[in-house]
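K.L.:
Make a model of the complete structure from these sequences and hints.
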Amino acid sequence: MIEALHLTKTFRDKKRGEIRAADDISFRVSPGQIYGLLGANGAGKTTTLRLLATLLKPTGGSATVAGCDVAREPEKVRTQVGFLAASTALYGRLTAREMIAYFGKLNGLADAEIRARTKRLADELGMHDFLDRRCDTFSTGMKQKTSIARTLIHDPAVMIFDEPTLGLDVMTARAIVKFVRECRNRGKTVIYSTHVMSEVEKLCDTIGIIHGGKLMAEGTLTGLRATFGEQDMEEIFVKIVGAEDAK
Amino acid sequence: MNWTNILTIYLKELKDSLRDRRTLLSTIIIPTLVMPLLTFGVGKVASGVIGKARSETPTVMILGGEDSPGVVARLKESKKIKVVPTSLDWKEDITEKKVRAAVQLPEKFEAGLTAGAAAAVVIYHYEGEMKSSFGAGELEKFFRELREETTTERLAERSLPATLAKPFDFKRENVAPPEKVGGNLFGGVVPYLIIILCFTGAMYPAMDLTAGEKERGTMETLLCSPVARVDIVLGKFLMVLTGSLSAMGFMLLSMGVTAFVAGSLLMGGGGGAVAKAGSAGASAPAGSVIPLIDPLGLVGVLAMVFPVAVLFAAVALTISLFAKSYKEAQSYLAPLMIVIIMPAVIGILPGIDLNARLALVPLLNLSLVCKEMLSGVWHWNYIAIIFGSSCVYAAVALWLAVKMFNREDVIFRA
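Top line first, the protein sequences correspond to chains A and B.
For the first sequence, position 108 matches number 108 in our numbering, and the numbering has no gaps at all.
For the second sequence, position 35 matches number 1035 in our numbering, and the numbering has no gaps at all.
Think of the hints as simulated: they come from the structure by calculation, not from any bench.
A portion of the hints provided could be inaccurate.
Listed next, the in silico DSS-like pairs over lysine-lysine satisfying Cα-Cα at most 25 Å (straight line) [said to hold, decoys possible]:
1. A/Lys-14 / B/Lys-1403
2. B/Lys-1044 / B/Lys-1171
3. B/Lys-1015 / A/Lys-119
Covered stretches of chain B (chain A as the covering partner; in silico rule of three or more C-beta atoms under 8 Å from a C-beta of chain A) [said to hold, decoys possible]:
4. 1005 to 1013
5. 1016 to 1030
6. 1207 to 1220
7. 1225 to 1238
For every residue, glycine included, the Cβ atom is placed at its ideal position computed from N, Cα and C.
P.N.:
Listed below in structure tokens is the structure:
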């Protein structure tokens, strides 16, 4: 379960002054649900997700992830979270097995458990051919599989995906989308940020549209279509964001 | 603080760094090669160049001397120099290295010698040019011998003993034990090399583990783990410290082996320079001393260097952490090298002695106290001040590194 209540993050910039990257954001994601955070570049998606993953500290509001408060219990939150982003890379000089084992250890798993889980993940993701190769020799697909295994090694209850398909080819992107669905099917709480409309349409149970750090609209795909009188997600998005920009 | 997590991060960073060529180069390969290269490489080249210059008979010109045929003839007969015909552009010839030196014989020099009032001989050479100074040296030697010969002849003519001009002789005898000689000789250079290598040893792992990770995107991956930030900093810091200490360790090991091999080659076996204080001194030829380093002094140096290595590791980590890329970190740390070298160089200079005020100046204090310890001098009050102050500086630097790692604007600086 993820619950954000008036979550706010402000930054200070020498030139632009105070920037409200996340402004009074509230939403709730239940287990077995995918919540899509849709927004343009710079809308505040990454900041919101980093707040939930406790990489950043909120300047206002609160949030709980799997029952733990992000501000007061950041380490506990991270034991419950698997965070996968385009910006979370692999250690090039480690092998896939070493990479997975490292994060297993950091999550407090015993060696025997790490071995068993690595084998299971390698079976599921088809990683056996490259498990003992260094990550800097990997193709994009291999890298993504290793990253997925890294996020799943501690079997987190909450999965946070920050534009995970950014810059990937169609086949690798499809594999990621499939993996996100599997997470939902396993009962995990999933939050997924993207600016690709089609991904949101295919994947998300609830969609939150974020713009200028604010959550502009929220609902199911059917609900949003009914509210805004548009079938196409892109048209809905433009209607919401365009109206805000016109102000 | 969770030491299991710190150890996990440290061991991973160690494995990662051992697979990084740049880190290996700065922490193991260069420190190991620097002493043999300096001793055998540069030393051999330098001795070869000097030997070649010495083996060459210097060409000289005689200016004047038409009225001193005897001296001119003796100069021409000398096998140590080669007299070439005088040219009008003799100064230019010396500058262009066509001749190495020239000697100006004053008018009626020989007549003056006989009469007992010869004017001064002037030797022209090119200052700073090795072969020219060898040529001038040979001419000086020739005229010194001529002067002594003339003195002896004059004394004999007057039936006076030769001891009249040279009533007594004197010579130098060394009383300093070999480790004191070694301490004075290497005391400045060893801390200087240790300081530089400690810093370069810390520099590359620090850049790779912080700015390098930010650039490669692995920092964010690591921050997603449930490990506390302070544990991450300490794990990384321990790796940077390992780099710094290993650079120093490999340099000292290599220095010891090099000194032993060089000593063996020079003395025909048995001339270890480090940690052989008693026995090697006994094997030295009569009247000469093999410079040695006091082994206890070396242990003292290692103990004093430790907090400085901590300081270097923490400073390099803090600065690299601030940078958003490896390149940026390099541009911050490279100029810092000059700041570090300066006090180390000042420490080598003669006449600068340790006092209470200098004992508080970081690096300079280390350089000065190491020089003393390697010579077997132990000023315990200064040693305590230096060790204590270095520990304080190191602790402050480490605290800053932890503070820096907790700053979101630094960690996510892009």
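K.L.:
State for each hint whether it applies.
P.N.:
Right, here's what the structure says about each hint:
no. : hint                    : result
1   : A/Lys-14 / B/Lys-1403   : 21 Å, holds
2   : B/Lys-1044 / B/Lys-1171 : 31 Å, violated
3   : B/Lys-1015 / A/Lys-119  : 22 Å, holds
4   : 1005 to 1013            : holds (count 4)
5   : 1016 to 1030            : holds (count 3)
6   : 1207 to 1220            : holds (count 4)
7   : 1225 to 1238            : holds (count 4)
Hint 2 from the list above is the single one not met by this structure.
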